[in-house]
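Sequences and hints are given; from them, build the entire structure.
When the letters of the sequence shown are read in order and numbered with the numbering used here, they come out as residues 102 to 877.
For the record, the hints were derived by calculation from the structure and aren't laboratory data. Be careful, since some hints might not be right.
[As the list claims (entries may be wrong)] Under the rule of at most 25 Å between Cα atoms (straight-line distance), these lysine-lysine pairs were calculated in the BS3-like manner: (1) Lys269 <-> Lys153; (2) Lys497 <-> Lys551; (3) Lys177 <-> Lys223; (4) Lys371 <-> Lys410; (5) Lys385 <-> Lys299; (6) Lys582 <-> Lys533; (7) Lys614 <-> Lys627; (8) Lys694 <-> Lys863; (9) Lys730 <-> Lys760; (10) Lys497 <-> Lys572; (11) Lys385 <-> Lys455; (12) Lys572 <-> Lys496; (13) Lys781 <-> Lys730; (14) Lys752 <-> Lys694; (15) Lys159 <-> Lys124; (16) Lys498 <-> Lys572; (17) Lys318 <-> Lys299; (18) Lys694 <-> Lys730; (19) Lys353 <-> Lys363; (20) Lys606 <-> Lys582; (21) Lys760 <-> Lys863; (22) Lys781 <-> Lys752; (23) Lys137 <-> Lys153; (24) Lys498 <-> Lys570; (25) Lys316 <-> Lys363; (26) Lys223 <-> Lys269; (27) Lys124 <-> Lys203; (28) Lys752 <-> Lys742; (29) Lys385 <-> Lys297; (30) Lys752 <-> Lys730; (31) Lys297 <-> Lys343; (32) Lys316 <-> Lys445; (33) Lys385 <-> Lys363; (34) Lys363 <-> Lys318.
Note that this is a predicted model, so its numbers are computed, not measured.
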Amino acid sequence: MARSVQCMVQENEDDFFVSFWEKGLYKFNARTGDFKLFAFKDQTVRDLIIIKNMQGVKYLLSIHDKINFIDVKTGKIQGSSNDKKFLWNIQGNYFHRMYIDKTNTVWLASDLSVQYANNINKFSIIPIQVKSKDFDDLFTARPSFLFQDSTYNYIGLWYSRGALMYDKTGKFFKYINQIPPKANFKSRHCINNMYKSKNGDLWYSSEDRIIIEQKGKYQYVFLPKEMATEEIPGFRNILPRKDGLWWIRTTKVGILLFDPLKRRFLKQYKIDNVGVYQYLGYDKQHQLWMGSDNGVYCYDAEIDDFIRKGVSKKIRPIEYYDQNNIVWNIYFDKNNNKWVSTEKGLFYQKNNSKEFNEVLDPKGSSFNTVYKCLIDGQGVIWMNQENGLVRYDQKKKVVSFFDSNHGLPEGYEGFGGLFNWVDSSTILLGAKGKLISFRPRDFTSSGAEKLFITAISADEKHVLYYGNKNKFYVDIPAQTKAFHIYFAYPFFNTEGKYQLFYQLKNDSDQNWKEALTGDVSFYGLKSGNYLLQLKAENQLSSTVQAISLEIRILPLWYETLWARLLFFSFIGALLFVLVKWRINYVRQTQVQKRRITETEIAALKAQMNPHFMFNCLNSIDAFIYTNDKANATKYLNKFAKLMRNILESSKNNVVPLSKDLETMKLYVSLEELRTSFKFKTQFYIDPNIDIDNFFVPPLLLQPFIENAIIHGFRKTRDSDSLLIIQMIDEKDGVRVTISDNGIGIQNNKLLEARRHTSYGIKLSSDRLNLFNGMDT
Numbered sequence: 102m103a104r105s106v107q108c109m110v111q112e113n114e115d116d117f118f119v120s121f122w123e124k125g126l127y128k129f130n131a132r133t134g135d136f137k138l139f140a141f142k143d144q145t146v147r148d149l150i151i152i153k154n155m156q157g158v159k160y161l162l163s164i165h166d167k168i169n170f171i172d173v174k175t176g177k178i179q180g181s182s183n184d185k186k187f188l189w190n191i192q193g194n195y196f197h198r199m200y201i202d203k204t205n206t207v208w209l210a211s212d213l214s215v216q217y218a219n220n221i222n223k224f225s226i227i228p229i230q231v232k233s234k235d236f237d238d239l240f241t242a243r244p245s246f247l248f249q250d251s252t253y254n255y256i257g258l259w260y261s262r263g264a265l266m267y268d269k270t271g272k273f274f275k276y277i278n279q280i281p282p283k284a285n286f287k288s289r290h291c292i293n294n295m296y297k298s299k300n301g302d303l304w305y306s307s308e309d310r311i312i313i314e315q316k317g318k319y320q321y322v323f324l325p326k327e328m329a330t331e332e333i334p335g336f337r338n339i340l341p342r343k344d345g346l347w348w349i350r351t352t353k354v355g356i357l358l359f360d361p362l363k364r365r366f367l368k369q370y371k372i373d374n375v376g377v378y379q380y381l382g383y384d385k386q387h388q389l390w391m392g393s394d395n396g397v398y399c400y401d402a403e404i405d406d407f408i409r410k411g412v413s414k415k416i417r418p419i420e421y422y423d424q425n426n427i428v429w430n431i432y433f434d435k436n437n438n439k440w441v442s443t444e445k446g447l448f449y450q451k452n453n454s455k456e457f458n459e460v461l462d463p464k465g466s467s468f469n470t471v472y473k474c475l476i477d478g479q480g481v482i483w484m485n486q487e488n489g490l491v492r493y494d495q496k497k498k499v500v501s502f503f504d505s506n507h508g509l510p511e512g513y514e515g516f517g518g519l520f521n522w523v524d525s526s527t528i529l530l531g532a533k534g535k536l537i538s539f540r541p542r543d544f545t546s547s548g549a550e551k552l553f554i555t556a557i558s559a560d561e562k563h564v565l566y567y568g569n570k571n572k573f574y575v576d577i578p579a580q581t582k583a584f585h586i587y588f589a590y591p592f593f594n595t596e597g598k599y600q601l602f603y604q605l606k607n608d609s610d611q612n613w614k615e616a617l618t619g620d621v622s623f624y625g626l627k628s629g630n631y632l633l634q635l636k637a638e639n640q641l642s643s644t645v646q647a648i649s650l651e652i653r654i655l656p657l658w659y660e661t662l663w664a665r666l667l668f669f670s671f672i673g674a675l676l677f678v679l680v681k682w683r684i685n686y687v688r689q690t691q692v693q694k695r696r697i698t699e700t701e702i703a704a705l706k707a708q709m710n711p712h713f714m715f716n717c718l719n720s721i722d723a724f725i726y727t728n729d730k731a732n733a734t735k736y737l738n739k740f741a742k743l744m745r746n747i748l749e750s751s752k753n754n755v756v757p758l759s760k761d762l763e764t765m766k767l768y769v770s771l772e773e774l775r776t777s778f779k780f781k782t783q784f785y786i787d788p789n790i791d792i793d794n795f796f797v798p799p800l801l802l803q804p805f806i807e808n809a810i811i812h813g814f815r816k817t818r819d820s821d822s823l824l825i826i827q828m829i830d831e832k833d834g835v836r837v838t839i840s841d842n843g844i845g846i847q848n849n850k851l852l853e854a855r856r857h858t859s860y861g862i863k864l865s866s867d868r869l870n871l872f873n874g875m876d877t
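Here it is as structure tokens:
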């Protein structure tokens, strides 16, 4: 029956590992075609990769309910993600896929996040498995010193356990059980330190003597009686001076000056209340430094004595650091800066500075007890502590802590030394019964220690986001009720537990909040722009560089800018149309009113002109009746000219005042002729009046003049009657005055009441009212 292949990985040219949906992990040989059950008979393996540890051992990583590490040779499970033997702090209950890239980084996809590690176990543990007739085992032995000559590397073991010899490749060569080999004195197993003189002699420091190995023969040098005390001296390291003499450190009787040629101790430097002399070494300028149970001392050649060096006051009172502070070790970097490992923390003195300052972690806290420190080629500080190893990247302000949960041996204690091994690219640690080597570069994440956004969803639908490095962008659809952002700190080689935090700006609460599972949820946020910041902190409060996500919650269509612009454009257009319609309406209304007015004026003119012509024709008829042919002819000629003017003026609502005056003068002359010149007329026009550009309704004054003639001179017999017509310029118009010296107003009223009714005055008044009401 055919089976479905779940995954496959190639081990070498011929061999493959294959897993099936139908359960089981098999090994397939392409050359022979054979399938052989390899592991997991009753389980389905979802994914496979092959990795190498630091020793070059191949492991097969498989995924089902957990991640398993399988020896590719035997098929035995060497560890799993549950016991932390190979992996550190993997988060997730269900693992989907694995991938290994070109940098040997392993990537994992789990139900919680994407995670990765540069190496599965960066520490190489080498058990001390040599046998000795004097000891059942060397499990309790702890490496104490490293001595290197041109041929071998020697590692001394505490608790009087001898020394180990390795060649320059790091391969074990020999175990030195005691010096001399056949000696039987009590301290024969104590090899506290070693030195090789220029003539090739090996010098061994023991608890009670110095042992010299010269061409297979051994000699002893003891402390002279005048320098000895009841305590065992405890000889340690030997340092040559420029003058050929040696410095020799002891733990209990001080610093000794020794002549190697005469093999004689010359002087003893013993300091009161110093306790144990813990360290002796040269800096880069060949200045001698000493560390003790009571602080740091420096040798002054001018006074031939050791001077105590203090530290500056930082967090705690200065007495806390200076009194009874055990100095375990002093490290001198390439710039001759001093790094002092003490019972109360790590201290630093810049070259040529006078003070030691405490080195603090990024949170401003002390590192507490530090037994020894080294600085690797990247400038990273490595510190050996009682229960683990600390890595402090000063540039990135990142602190990492490693213990048995991170690849160090179970029950690790950091008393056993910290050395550069084989070459500067490898560091050697000492532990009970074990040597531990690692390469600092394997702990360099190349910027990998950062946060990742793994997914964004809106109302349970996936949303795409974009960006690079530490800044990203996302658009959330309008009317989204809830959206979620999933992020992770995927570097699962991290030091212990870590916490995830987020901060939403442009919100009412802008405090940092913890995201327990890397799931940040928001509900009912209004449309607009928001800035979300994400960060991670590990157990030592080192903060991973934060990333930001610019969130734009899209508005509804009527909330968008274009919708608002369209709305306001529509309102503007509507207002424009309404205003334009109103203007046109007003204009049309005015035109209509004007037409009505013009019609009414024309009707009034039509009423007035027949009245005037009727009077004129009566006058002509009177001349003919009396057989006054000359006056009839003269009257008829003037009447014809007057009619022409009236016809021309009737075409317009207004005419120039000069034109209307000409018509009025013709009319007055006709009236004078009709009345046989019973009156004379005088016209007075104010010179300030521009009669050619001042417009008046045609024949407006005619009824008033006619009224003055008829009612003023009807019954008069005087031949000196006078009609005066005046036009005076005033600010708000022209004032017209018509006066006569006729019968008077009272007599006129009597006659008017008895005989006459004037229609012309009323018509002219109506015309004037209409004219003033028009927009001319």
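May I ask which of the numbered hints given earlier this structure violates, with the numbers listed in increasing order?
6, 9, 18, 22, 27, 30, 32, 33
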